[in-house]
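Whole structure, please, built from the sequences with the hints as guidance.
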Amino acid sequence: MRIVVLSSSSYSETGCAMAVRMARLGHVPVGALVLSTFDRRTLLRKMGQWGVRGAIRYARTKVNYGNGGGHQRVNNPHLESLLTYKSGVFRNFREVSAFYDFPPAVCANQNDPEAVAQLKKWSPDVLIFTGGNILRKQVLNIPRLGVLNAHLGLLPEVRGMSSVEWSLLNGVPVGVTVHYMDAGIDTGPILLRSEFPEGARCESLADLRNRLIAFGIEKMGEVVVGLDRGTVGPTPQSDLETDRQFFVMHDWLRTKAAEKLANGCVAAVASPRE
Amino acid sequence: MSSAEETRFSPNVRMGDSSAAPKFEERAPATPDRTAKAFAELTGLLGNPQRAFPLMRRLVSDGLRVTFESRHLYSYASTKHATAETLNSIMRWLLNAQRTDGGIAAYYSLLTGYSESYPEVTGYIIPTLYDFAYASGNVDYIAAAERATRWLLSLQMPNGAFPGGLHGSEPEASVFNTGQILQGLVRAHIEIKRAEILDAAIAAGDWLSGLQQADGSWSGPGAYQGVAHSYYSMVAWALAELSECTSNHRYALAAEKNMDWALSHFRDDGWIDGINLRGHPNYLHFIAYVLQGVLECGIILRRDDAVEAVAKSAWMLLRKFETNKYLPGAYETDFKSSHRFTCVTGNAQMSCVWLRLYEMTGDLRYLNAALKINEMLKQSIPHSGGKGIVGGVSGSFPAWGSYQPLRYISWGCKFFADALMLEQRLARSFEMSFPRALPCAS
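Protein sequences appear in the order of chains X and Y. Take my numbering: the last position of the first sequence gets the number 274, and nothing is skipped along the way. Take my numbering: the last position of the second sequence gets the number 1442, and nothing is skipped along the way.
Just so you know, these hints were derived from the structure itself, not from any lab. These numbers were taken from a predicted model, which means no experiment stands behind them. Beta carbons: idealized from backbone N, C-alpha and C, even for Gly. Treat the hints loosely; a few may be bogus.
For each label pair, taking beta carbons as the anchor points, the in silico distance ranges come out as [claimed, not checked]:
id, chain 1, residue 1, chain 2, residue 2, range
1, X, Glu241, Y, Gly1220, 39 to 47 Å
2, X, Glu114, Y, Asp1215, 56 to 64 Å
3, X, Gly233, Y, Asp1215, 53 to 61 Å
Only pairs whose alpha carbons sit at most 27 Å apart, straight line, appear in this in silico DSSO-like list of lysine-lysine [stated by the list, open to error]:
id, chain 1, residue 1, chain 2, residue 2
4, Y, Lys1320, X, Lys137
5, X, Lys137, Y, Lys1336
6, Y, Lys1336, Y, Lys1325
7, Y, Lys1325, Y, Lys1312
8, X, Lys137, Y, Lys1325
9, X, Lys137, X, Lys120
10, Y, Lys1336, Y, Lys1320
11, Y, Lys1257, Y, Lys1312
12, Y, Lys1336, Y, Lys1312
Given below as C-alpha cells:
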C-alpha cells in the first residue's frame, strides 16, 4: 500500500504515531504532508480564537513543551508505545521520517496547488488524514482508494466536532469510526465502526480523548491491513438526510459531559456478536 | 409625513451608509434625506461636545478590535463577565432609559443622547421588566413596568390602536406597534388584573382583528409602506396571547390566520419571503422577528408544523453561525450575505429562538449555539462609561455597522435580557434533570 499521512503540524503526536503504526505494520508511508506549525495564518486564527495567551499555549503544545514535562515527555501517554524508540521519543515528523526513511513535505494549506502536485507525485493508494484543512475535491480525488479518517465517534450518530463530548451527553456509546472522507463532514462510506469498551474507566475527558486517539490509530492499522488484503470494504452511511452534524461544544456543556463521565455514565457498549 | 417629523424621528441616520435601519418602521420615510439627518445628529454632537469622548472611545475600541482581533467577538472564549452580572447591567440600562413620562427611550445615541420615549418598545419591554423583577426579587422593575403601562394607556387612540414612531409625533395608527404594545398590556393585565388594562388590550385586539385582510395578513392603512410583512407574525403572537388571557377564540383565529399566511412564505430551504421592506436590506432583526412570532404563536396554538418550519430556518442560521463564527447583520435571499457587520439585536433574538427550540425539541445543539452566541454578545456590552452606555446593547458591531449605527438600543437590551433569562432558566432545569434525563448506563 502506498500511504501518505496528512497532519496538522510537524509536531502532531497523532500524526507521528499514525506514521509509526503504519510503518510497524509494514506499510512505511511514501510521504507525509504537514501544515507549517508556525504559519502566520494559523497563528493569527488561533490568536483571534483563543487570545494571545491561548495562542502561546497552542504553540508550546505543538513543540511538545506542554505541561512542563520537557521534550522527552509524550503528551498523550497512550501513544507512548508508538512514539518511543530505543534512543528516545519521536518529537516530530522530521525524526519519524528520518528513522523510517520517507520524505516529509510542509505546506501552508493542504489544498494549495503545490500541495496537490506533491501528493500526486507520491501517487498514493490512500491518504490518512490526522488533521489539517477541510479537504477539497482536488485532494479527495488523488488517492486510488480514498482518504481515510479515524473519527472519534460512532457514525452516523455523531458527526462533526466535539464528538466525544456529544456522545456522552446524548447517550451514544463512545467509539471510533474509520471512514473514507467525502465532500461532506464525516459523511463518507464507513470501513470500520468500533465501540470503545473502556469508556467508563476513564478519569477525565482528556483521558478518554487520548485513549480514543490511540484506539483510532490501532483501528486505522486494522483497516489498512484489511484494505491491502481485500477483506475490508466500504459501506455507505445510512440516514444522510438527517442532519447529525455537531459543532464545537460550549465550555458549560463540556463540564456537564465531564461530570457524566466522572459519574461513570457512559452509554453501554453493545455485546459483541458471535 | 412632513420632513420635520422625519427629522424628529431621525430613525435611519447612518454615517456614510446608504442602507437604512427601519426600526422606527412606521415612520421611516420613503425617500429619506440622509444627509440632512446625518447633519441633524452631528448638530446634536456639537451641542453636547462632552459626548465626543465616549464616541471616539467606542469608535477606536471597535476599530482596534476589528483590525487586530477580528474574530474575537465571534470566538467561543468565555468572557470574564458572568451571565447574572451582565443581565443586571442590561436591566439597569433599561431602567435608566425610562423617561419621566413612564415611556422607555428608543435608544441612546453617541451623538445625540437619549431619544424620546418609544411606545412600541415600551410595550414589549413590560414582560421583560416583570420577568427580571421576579428573577432578581427587585421590585423597582415592577414599579417601572407599572409606570410604562400607565403611560401606554394614555396613548391609546379612540379606535383601540396605538401610534407608531417616537412619542411627540403626530399620532398615526400602526398595526405592528399596536401588536407589540398588546404584548405588554396582556402581561400587565396578568400581573395587575385591572379592568382598564384588559379593556385597552381588547380594544387593541379588536382593532387588529378588524383590520386583518382575508388572507390573514395586514396591509394597507396601518401597515408599514402599506404592504404585508411576514414579520408581523409578532402581532399574531400578541393576539394568541390575548386569546389565552381572555379565552376569546376570535383572537386565536386571527393569530392562526396570520401565522398560516407567514408560513406560506417559508421556503423549502428555510429562507423566508415577504419581509418586504422596500429600500432596506433584510436585517437579521426582522428575520428573527418572523421566527420568534411564528414559533411562539405555534407553541401557544399547539401547531407542530409551525415549530418545525421555524426549526428548519433556525437550523440554517445555526449552521452558518457555527461554521462562520458569526451571523452577518443582513441577508440577501437564501441566507446569502456579503455584510461584514453583525446585528447585535438579531443575534440576541436568535439566541431566544434557539433556546426555545431546545426547550421544545430537547436538541442540545440549539442550547449549545445559544450559549456561545450569548457568550459573544456579553463581550460587546460596555462595562464602563456614562449612563446610556454601561450595559447598553449597540445596534451593530462594529458600532458603525448599518443597523442603528452609533446607538445603544432599548429593544436590543430587551432581547438580550430575554435571552440571558431564558439561558438561566434552561440551564437550571438542565442541572435539575442532570443526569437523570440523560441516558446513563450505570
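Each hint, compared with the structure:
1. X:Glu241 to Y:Gly1220: 39 to 47 Å: The hint (39 to 47 Å, Cβ to Cβ) holds, given that glutamate 241 of chain X and glycine 1220 of chain Y are roughly 42 Å apart.
2. X:Glu114 to Y:Asp1215: 56 to 64 Å: Roughly 59 Å apart at Cβ, these two residues keep to the hinted range, so it holds.
3. X:Gly233 to Y:Asp1215: 53 to 61 Å: Roughly 56 Å apart at Cβ, these two residues keep to the hinted range, so it holds.
4. Y:Lys1320 to X:Lys137: The hint holds at about 22 Å.
5. X:Lys137 to Y:Lys1336: 23 Å, holds
6. Y:Lys1336 to Y:Lys1325: 15 Å, holds
7. Y:Lys1325 to Y:Lys1312: 19 Å, holds
8. X:Lys137 to Y:Lys1325: 24 Å, holds
9. X:Lys137 to X:Lys120: Holds, at roughly 13 Å.
10. Y:Lys1336 to Y:Lys1320: 10 Å, holds
11. Y:Lys1257 to Y:Lys1312: 21 Å, holds
12. Y:Lys1336 to Y:Lys1312: Holds, because 16 Å separates the two Cα atoms, which is no more than 27 Å.
Consistency note: the structure conflicts with none of the earlier hints.
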